[in-house]
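Chemist: Given next are the chains, with one letter for each unit.
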Amino acid sequence: MKDSRLLAVWCPDWPVVAACTASGTSQHVPVAVLDGNEIVATSAVARAEGLRRAMRKRMAESMCPELVTFDHDPQRDARFFEPVAEAVEELAPGIEVVQPGLVAVPARGPVGYFSSAEQAAERIVDHIAQQTGTEAQVGVADSLFAATKAAHRNVIVPPNQTAEFLRPLGVHELDAPELVDLLRRLGLKTLGAFADVPENAVASRFGGPATRQHRLARGLPERPLDKRKPAPELAVTETFDDPVDRIDSAAFAAKILSERLHENLANRSLACTRLGIHARTEHDEELHRVWRAAEPLTPRGIADRVRWQLDGWLTRERLTSGIRTLTLEPVEVVNGTALQLGLWGHDDERAVRALLHVQGLLGPDGVLTPVLDGGRGPKEQVRLVPWGDERVPVRNPDHPWPGRLTRAPATLADDPAVLKDADGNEVGVTGRLELTARPKSLAVNGRTQEVTAWAGPWPVDERWWAPDSHRAARIQVQTPDQAFLLIRRDQRWFLEGVYD
Amino acid sequence: MSRSATASLAELGVNPASELTSTTTDHATGRVLPVRGELAGLLPWGGLRRGSTVSVGGSTSLLLALLAGATADGCWAAVVGLPQVGVLAAAELGVSVQRLALVPRPGADPGPVIAALLDGIDLVAVACPLPPSLARRLTARARQRRAVLIAFGSWPSADVELTAESVRWNQLDDGAETLRRQEISVRSGGRGSAGKPKHVLLTFGEEEIELPLVAGEPSGSDEPADAGPDLPDELASRRATTRGRPA
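Going down the list, the protein sequences come from chains A and V. Residue numbers 2 to 501, in the numbering used here, belong to the letters of the first sequence in order. Residue numbers 418 to 664, in the numbering used here, belong to the letters of the second sequence in order.
The set of hints was computed from the structure by calculation and includes no laboratory data. Among the hints, erroneous ones may be present.
Covered stretches of chain V (chain A as the covering partner; in silico rule of three or more C-beta atoms under 8 Å from a C-beta of chain A) [stated by the list, open to error]: (1) 494 to 508; (2) 520 to 531; (3) 590 to 601.
Glycine is no exception: its CB is placed at the ideal position from the N, C-alpha and C atoms.
Generate the whole structure from the sequences, applying the supplied hints.
Modeler: Spelled out as structure tokens, the structure:
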């Protein structure tokens, strides 16, 4: 486990920092970065005004009229992050960019060098501030997910305590909105509660993609470690006759090369999760950066990262000439067919989506799901809960329940009924749990039928004899062509079900 | 059924009766959802064929029994518009209630609700009365989404109609005994080859006593209902052979 310890460096509100840097705006005014109409990042001042991620632009502006807004631009985020990545790299070789604003590095390097994780973190934060004027936080843990969460909180998680660190965090920390929504409806509010669900149950209940989130919640790496090194011939290289020195030509080069790499991988049923980007300039400067992705990269995902990286390098003033050679190397690959296992529980996922859709139309109580419960009557043995709520019995169904009927009616009812004997007197139930007379007719819902046979009575609660008991009892009644379940409550008969 | 009615059903995409036959491939590939033994004899496909509409009348137990085999096999079922359904009875009849969803009150406009369910739920039982035009649209939706629509009550374009002619229980004995064994006499009918009437006596008891299938008239109707011309059947078997071959 020690080998997998990761140090994450996180710059809070990075899209805001990048936008402010690019435009020369102070970060100490309310700033929001919008993707379309939705907030993706805010400055601390804007948060103090109550602005949050996913909030609509109109609402944000009504809450905070002096809000300065910027459109989200991943390229800008990447371009201004490159100096930060370099600053980290100066102290901790082997960094991997996870996304603009977040880099990871195996912790053993810097921690060994600085004698303790705390010292390493302090030095890295100072160095970034000195070199770039950027505020950063550091976290260390046994997985990338946990290290990132640790960086958000500026904590060093001791070795082998990653799972404990994650347990109290809310499930919203998982970047999977649909799953988070579902987990909350199920009452699984913390990562620990989710982690306690057995893995096979997660696969069958929530579908394959949820198993990866489940690994994260348990503090495990996204994927089981695969020591296989990708074959070197998978890498693709392009030498440009006209050195790439402008962002538009870099974007084109990125696209072409990315497609070649993806084709190489796809032909072998592989997908890339860590991408190495190497560049050599006309003046033989060597540039190298590794991007790490949580999900296997699509061709578009590869092209984006290559474009961002080239932009970062080209924008950097220290680069004295254009890029002559560009190489994309898959540093870590996963089996593409293993990804297909995401289709596990596919049918359940379809059903879940359909039921959520109906809940969207009718409200959460519009879709109910039964929980079999302990008890005697056909109604108390079934509890209907809104779909998505926790389905646990409140009474033990395996407990012996004297008076429980052998068969339940297929149709439930709750209608007044009149049960009479041959003389037209109402039939009652004695304190000794016996009928006062042989029933001869049943009137229910305006229809009177001859009673041909009956069974019971059975007590509705165990304390039939107790003076404070409800003295309720059930009987089954047959008419020439139907069978009914009746219950006597408060000296009156009610139809409880029809055995149709 | 009149000729023009048949024609309009065809326009709606209702399969001709010759397609109401099944092959073993259909079962193996999940095109036909399983039902318990005696019910299989009532259905022309030996189970519930995905995309079909089956109407059920006269017995809630019969409706629930139809859901049992498929839900036990991992399929999902939804029951719409039947707030009084006895879930405990469903469980006793073999329904896996953990894969059962209830939409007791689909509201004034049940069309979108039922359509949404057909998109993701294998078996959708509908118990609320609907205008015939909406019913036909939902039948088409079920076919398109490869779901099974089970109508509780009459339905204008059902492929098979199952009617419980009687529901009987073991005789109670003045205070003694209790309801244990249920016998439902079921008649099936429908369009085309499914239209040949068949009778089956379904028995649900504590020990799940399975009685042999009781064949109705005409004699021999418990044979596979491949009453269509020979050609489609041959095509079906050829398809099966092709599929069995490695790619």
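Chemist: Let me make sure I understand: some of the numbered hints might not hold for this structure. Which ones are they, in numerical order?
Modeler: none
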